[in-house]
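K.L.:
Take a look at the letters that make up each chain.
There are 4 protein chains.
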Amino acid sequence: MQIGFAGLGNMGFAMAANLVKAGHAVRGWNRSKEPVARLVALGASEAATPAEVAQAGMLVTMLADDAATRSILEEGGALDALKPGSVHICMATVSVAFAKKMAARHAEKGIGYVAAPVLGRVNVAEAGQLNILAAGEASLIERVQPLFDVMGQKTWRFGAEPERANAVKLATNFMIVSAIETMAEASAMVAGHGVVPADFLQMATSTSFAAPVYKIYGEAMMQQRFEPAGFKLSLALKDVRLALEAAEAAQAPMPFASTLKDNLIDGVAHGDGNLDLAALSKVAARRAGRG
Amino acid sequence: MQIGFAGLGNMGFAMAANLVKAGHAVRGWNRSKEPVARLVALGASEAATPAEVAQAGMLVTMLADDAATRSILEEGGALDALKPGSVHICMATVSVAFAKKMAARHAEKGIGYVAAPVLGRVNVAEAGQLNILAAGEASLIERVQPLFDVMGQKTWRFGAEPERANAVKLATNFMIVSAIETMAEASAMVAGHGVVPADFLQMATSTSFAAPVYKIYGEAMMQQRFEPAGFKLSLALKDVRLALEAAEAAQAPMPFASTLKDNLIDGVAHGDGNLDLAALSKVAARRAGRG
Amino acid sequence: MQIGFAGLGNMGFAMAANLVKAGHAVRGWNRSKEPVARLVALGASEAATPAEVAQAGMLVTMLADDAATRSILEEGGALDALKPGSVHICMATVSVAFAKKMAARHAEKGIGYVAAPVLGRVNVAEAGQLNILAAGEASLIERVQPLFDVMGQKTWRFGAEPERANAVKLATNFMIVSAIETMAEASAMVAGHGVVPADFLQMATSTSFAAPVYKIYGEAMMQQRFEPAGFKLSLALKDVRLALEAAEAAQAPMPFASTLKDNLIDGVAHGDGNLDLAALSKVAARRAGRG
Amino acid sequence: MQIGFAGLGNMGFAMAANLVKAGHAVRGWNRSKEPVARLVALGASEAATPAEVAQAGMLVTMLADDAATRSILEEGGALDALKPGSVHICMATVSVAFAKKMAARHAEKGIGYVAAPVLGRVNVAEAGQLNILAAGEASLIERVQPLFDVMGQKTWRFGAEPERANAVKLATNFMIVSAIETMAEASAMVAGHGVVPADFLQMATSTSFAAPVYKIYGEAMMQQRFEPAGFKLSLALKDVRLALEAAEAAQAPMPFASTLKDNLIDGVAHGDGNLDLAALSKVAARRAGRG
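Protein sequence lines, in the order shown, are assigned to chains S, D, U and B. Anchor point for the first sequence: position 92 equals 92 in this note's numbering, and the numbering is continuous, going up by one each time. Anchor point for the second sequence: position 148 equals 148 in this note's numbering, and the numbering is continuous, going up by one each time. Anchor point for the third sequence: position 71 equals 71 in this note's numbering, and the numbering is continuous, going up by one each time. Anchor point for the fourth sequence: position 67 equals 67 in this note's numbering, and the numbering is continuous, going up by one each time.
Please keep in mind that the hints were generated in silico from the structure rather than gathered at the bench. Hints may contain errors.
Copies of the same chain are indistinguishable here, so a pair counts whether it falls within one copy or spans any two.
With a straight-line Cα cutoff of 27 Å, these simulated DSS-like cross-link-like pairs (lysine-lysine) come out [to be verified]: (1) Lys154 - Lys109; (2) Lys232 - Lys33; (3) Lys83 - Lys215; (4) Lys238 - Lys101; (5) Lys215 - Lys154; (6) Lys100 - Lys238.
Please model the complete structure; the sequences and the hints are all you need to start from.
P.N.:
Right, here's the structure in full:
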């Protein structure tokens, strides 16, 4: 298949590379050129502009956020370059409102729009083992399923309205950030009774909470090692904000998400926005006078 | 070993039965007599009163809460009946303040006090696979370790002050209740965007949250089946209250725990105190106008 | 002075009418024409378009929100029609981010921009007794002070950056909504102990809380009379959202504001968005099982 | 009337002194003897023990909390010394649960029990201008009304169950602490946009919030003067905790109160428990990185 792939950050590169290795004709675009060169070295070709990357008839975007995605689609000209009948698969973690607007804009132009954000870190993407959360017209998803099968271990479908997949992705990220916060608060409490937080976390993440999310962030807390960041605290703040916006649109109170936002802001205000999300434990400890 | 065992509810019975099967001379006491008879049928003997159950030199208590434990120790006479040099292992989920006070009372009388609350539901207790959270003087714990080895798969030690084990147990239960709340809020949000909550939960508990806690309660939410209760909502409220009391004593703010308490009260106010904790999803849905 | 006045809702009309009565040459514009006719009857002239209203050299806008203000400035052509050296006084409750952007846009064109949101309901506006929260270059504020003296009893100045006045206005509205929430929660609590909420509110608003904010909304709660709305619950939600956005930009956690947003969403989800803000008492009562 | 008065702290002394000045035969008791001597100098007599102070047939208690009140009633022997037909007016801020239990204990012994906590600081008490929140059997309140008329400007009655007056008092204190928190959060937010918090508070407490509660605490915030404490932060924490306990008993979620408790704990954890409640502004500022 001819595929344009825009957004070759760590995640995007791993996904695009797997498409190349699976024999697809991938044309890559990225704002900085270094990852494009690496992809070309694997057998891809280069798109000089967002408009060029959109000409393949099948466009995958994996950009940082709403603004970056909007930028290549509008200012960059990708949306105008997409031909009627082509498909755009937006795999980034964008807002529900943005997905809704994009779906409408694409429909007006006769272009298919599929939302397909993913679960999994870079190593999972490299292994082609992502979980793909997809929504869009059934016929479109059928069409792009072969690509999903290359990039992921499983595709979870959530219906015809693309923004549903984004709601699900944001809800999942909310759950991840919440899990970190619960370890942070629990650690601050037991510390106040003389328990070494690492002893507590070792136990909790080996018993009731023996799941990857808890183990990975729990380990970072135990070692007080917040760099390099697997998931930056400031990006978690962005995702929680998007979850809250989606919640307001859905008229659903989310008090845990509201609390998370305040605590993440507290972390950012103390200069920890670039640390790993596990640094939420610093916020809880500081509030307990153990900062 | 001669062991008195007070509190033969579902958990206590399973634990005491394992001690009997392992060849220990167990003397059982319970407020209602039916489980005592069942334990006697396995080879145990019966203690007619709390005072009698305390004469074995090694007393295990597994009662509902502070009040029930205090009742057999004080009004019931168990504390007076314990001989100097004997050991009392309190395995119930009691408050940090109660554990502290009990430890002091026992010390005054020259009686050992070990706090050893457990992680695991009834089937885990039956299989002798509990995780045991223990704190108390090292020599005392060594002495009772053979009993822990019968009842549990692993003993986690948290130091010499007994109340530390209770702080750890309450922190862990707080994390469990929080996990349920995150599923409840996330489900209410995606539902507002047209996603079937069960579809979302199926995905989440199969991917990032493939841990027993999420799977068990997630399954109850998916099926909207809240009876029989594995962990009653009203008891979760009690545990969260105790966690907050422990947090205040430790001068640690716990905003998630505070939110949980309010939401659990909301559930109780709507008549759902006897339902399974998974019914927190009803609170979140109701607040979103989907009750 | 020649003044263009755009936005003749209840508040805007009262303010513009006072300017006319004070002898200023006011040219009025409004989306619907009825209030324009009423203003003309008082001696004003009519502007047919936003571009026309901006030609006076002094433009006052008092529109519903960011979107309405942006609409007349951009699509409506008012910004292009403003001549270099003229002044635009934005008196609406708009967002801090919008004020910042507008200030920059106006500066580029050599047009003065003053932010001057107001405190006071319609009857206060009619009496020319508003409190005006102003920010902008000192020389500009001096220039428009005569207008403020007509519309308000006092002008509070907050410095040269216009958005500061908006931050102050949103902070004040946040305090108002918070005051209502405290009455709602307190009433739900005492009701659970058999106290008639109106008896409690009567006492509280006559003693420690004998301030207009508490008296006005407390009276509505006592009588359970939420229509007509003095301050719509859905608009309070908008203002709290803007306060939270301003807080995030300022890296300031605002846990009360976060809680307010969730409770206001709860109210909207139950169909009460068009009721008076005092209907927050319905949310608190419902959560306590007294809905 | 013959009156025993126990608890001669700043508030109690002012109230008892007014009773003496009004011609009542007051017998005073206090743990430390200095205020008793001062009261005797005004014409009162001294009670050597709690049992002695209870012999007057009319006992007023104004002690620090549940524990202090229980201590003189039980260990101190005051309850046993009260004769059938006598009345005990408990004017302290005690818990709802304590009031309920006390009412029952007194009833068993044929002693009247009136709950009558008060609103007003020391200067208000000295002026005999307190607001008295009273509950108890109507005939009892009639009997003690002459005393209330001496100590207060107005008595607000809340029915026959004494604990209702305590619920109302705790609800009112919750509203006071909430008012402080709203100023703290609002100040932290505007500060992040360059507004001097004192400028904001000056405006807010002169306009929409021109009520004593806001003015008094707002003034302390403006001057960053938190000593001497008018209302200690640690005592506010106690009152908010009691309000939350009353709320749980009433099955009423109180999310603002929950947030307050966490923020007050944050303040105490940073060593500010003995400062004035206005120091909540330090918590909000610190969380915003401006500590």
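K.L.:
Indicate, hint by hint, whether the structure satisfies it.
P.N.:
Comparing the hints with the structure gives:
In this assembly of identical chains, the alpha carbons of Lys154 and Lys109 never lie at most 27 Å apart, being 30 Å within a copy and 55 Å across copies at closest. Within a single copy, Lys232 and Lys33 get their C-alpha atoms as close as 24 Å, which meets the 27 Å cut-off; across copies the closest is 52 Å, which misses it. Neither within a single protomer nor between protomers do Lys83 and Lys215 lie at most 27 Å apart by alpha-carbon distance, with minima of 46 Å and 44 Å respectively. In this assembly of identical chains, Lys238 and Lys101 lie within 27 Å of each other by CA distance both inside one copy and across copies; the values are 19 Å within and 21 Å between.
When the C-alpha separation of Lys215 and Lys154 is checked against a cutoff of 27 Å, the pair qualifies both within a copy, at 23 Å, and between copies, at 19 Å. For the homomeric pair Lys100 and Lys238, the shortest alpha-carbon distances inside one copy (18 Å) and between copies (21 Å) are both at most 27 Å.
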